[in-house]
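Q: Chains as they are written, first to last, in the numbering used here: chain A, 1 to 480; chain B, 1001 to 1243.
Don't read these hints as lab results, they were simulated from the structure. Here a beta-carbon is modelled for each residue, glycine too, at the ideal position from N, C-alpha and C. Misleading hints may appear alongside valid ones.
[Claimed, not checked] Only part of the chain B face toward chain A is listed, based on derived beta-carbon distances under 7 Å:
| # | residue |
| --- | --- |
| 1 | I1009 |
| 2 | I1071 |
| 3 | W1117 |
| 4 | A1152 |
| 5 | S1201 |
| 6 | L1208 |
| 7 | G1216 |
| 8 | M1219 |
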Amino acid sequence: MELRVEEIKKTAVEAALNEVLHQTLSSAGDRFVALREAGFSQLEDPDGLRARGRQVKDRCLANLPKLLRLLERRVTDAGGVVHWARDASDARALILGLADQYGVKTVVKGKSMMTEEIGLNRALAAKGIEVWETDLGEFIVQLADELPSHIIAPAIHKNKEEVARLFCEKLGVPYTENPEELTMVARRVLREKFLGADMGITGGNMAVAETGTLALFENEGNIRMATSLPRVHVALIGIEKVVESWDDFGVLLTLLARSAAGQKMPTYLSLITGPKKPEERDGPEAFHLILLDNGRSRVLADPVLRDSLFCLRCGACLNVCPVYKRIGGHSYGWVYSGPIGILLNSELLPPGSARDLSYACTLCGACAEVCPVMIDHPTMILDLRRRLAEDPVWKGRLVLSKVLPMKIYAWISVRPFFFRFAGSMAMALQRLVAPSGEWKWLPEALARWGARRKIPRFKKPFSRRWKELKTGSRKRKSSG
Amino acid sequence: MGSRQREQILLDIERSLGGMNGEWGQGQADGTAAAPEWVPEDAPWDEVKKELEALSDRFHVAEQARDLHRILEEIIQEHHVSLAVRWNHPLLERLGIDRVLADRGVEVRVPSREEEWKAIAAKAQLGITAVDALVMESGTLILKASKEWGRAVSLVPPVHLAIVRPNQRLGKLQALPRLFRYWAKGPHGLPSAIALITGHSRTADIELILVSGVHGPGMVHVIGLSPGYDSADGAVPGTETRP
């Protein structure tokens, strides 16, 4: 997928000017931050645990081939089938093949960033398969034909009035802005789908190689339904999600639940080991686990960006990010948003297609402070910018927009005559194009930038103003 | 296509890792199948009660059959229960739950076929289970899928009632890895599904306003049986072997 940079910029500008969105994201962010802080404050040594989480991910990635082979063996022993997909198109083809094999007409999905990553819904719909997102937030964005805008709160950008209009228009239900009533509408609609679906498709938060167990976290119960009621369960996970043992799982469980919503435990944690056993009462008859690379093995070789594969998808970095809170999730142009989105979108999309994203960061470091596995986002984002500066295409643009102006400024600023001359010129120019601080005229390329900015008035040098002040005061004294 | 993809992905990863040498086996602090440390049977239930009530769910202690009957009656009245579905579990049989509910006009179903489980669970107002373990620290119920214990019972009806024996309690969440490994190394291995349930189904996806019962039950009742629970018909729960 190619990101359309101009479109992203337009979305970001619109989002930045949308005060309602800004307030929604700020208050949601503050609430998530408070929940996380309360959750972590109960731990004896939160930073020690974060360091352990980081060690777990680091070790598991260093042993990835062995762990993936072990996971495959254990899932197969439990009666499941493991598939491998190198990219999004492989993964889509595998799932479409399975849908065909089992004669699937209706699919219910649990919230999964991976299926968003491969654009699964459109592929299934194109084959005439009915697809229903069942997480309430995902259900809302599916009805609105949008992408999720937050990892754990996909419809955070929508207020209740917008959801009410959407349900009214798409589901034909009476208009109500009451969140409880809206939620019950979704329950009613989706309950029927769960009971009639042929296939449940989910992601997975972790896969424990030791026993071949897939772990899924949630609060709604839709993932339990999607993994229990249909006759086939397909899970799609990134290759980096595998951990070695239940002990590793225990460390990451504590970190993930507390980082995401300050919980000791999510409401539901489903541990899936293969399909229903012959003697078991209910559950899917078939279980398929798809391991997707989609660029991750390439990232693994990168000494700086490799750590982004530690990400647990808790969303904590989004909640503290001043840029995310201003421009929202859709401004990042693809599935992932916020600081981790800058990294993942830049790494997983075709090289160069997400290059502007590295500038959607103030490098304030708040994200690194809250990351449960101590990912150092700012350092990595800075490295993305460094790479960009070395890119031949970008180098030219950067020379004109940043390097050359800074060099000129550096040259002028150490030459008093030229510095004073430039100051006088700037004042004269300001009188012409922005006499009151607002721009009367700007070149087309700068018009959008200038539309929202006032230019501060250039002042005479302090030495001259001081002389004028002294002269003025002497005159006042002599006249007095 | 599958095998070629597999080999290529593994090769790509190995190339990317280069000479990196992982410390294989470091993640398994306790590789034995030792049983987890259960909380003593006479330990109080206060912590579970506090945790569940903080989540707006309910915890009850039944010291004797009379208590159990009263609690069941309250649940029936509060949630207007006319149809209940339950696990075919020996503890539930011995507690005589069916009789108590039937006396109060509630039909109790224990389906025998899979399709029936789904259909009846979808109609029932109450699902009744007997848990395999409980974590005191978080009020988490742990339920294994099994021969007679359908997954849908704790999930589909709007109210879930779970019964816990006093010898099924773990103190801390840290005990979970050991429990899962203990079960995995047991004679039957891990079941296809283990559900860890901490409170009722909830969402805050619309303007972060918390709404209960979005997909699963909107209320969870947990009844803890006292070590000295003495049922009227002479059955003494809590004497079964550990899960």
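Q: Looking back at the numbered hints, which does the structure fail to meet, lowest number first?
A: Hint check: 2 and 8 fail, others pass.
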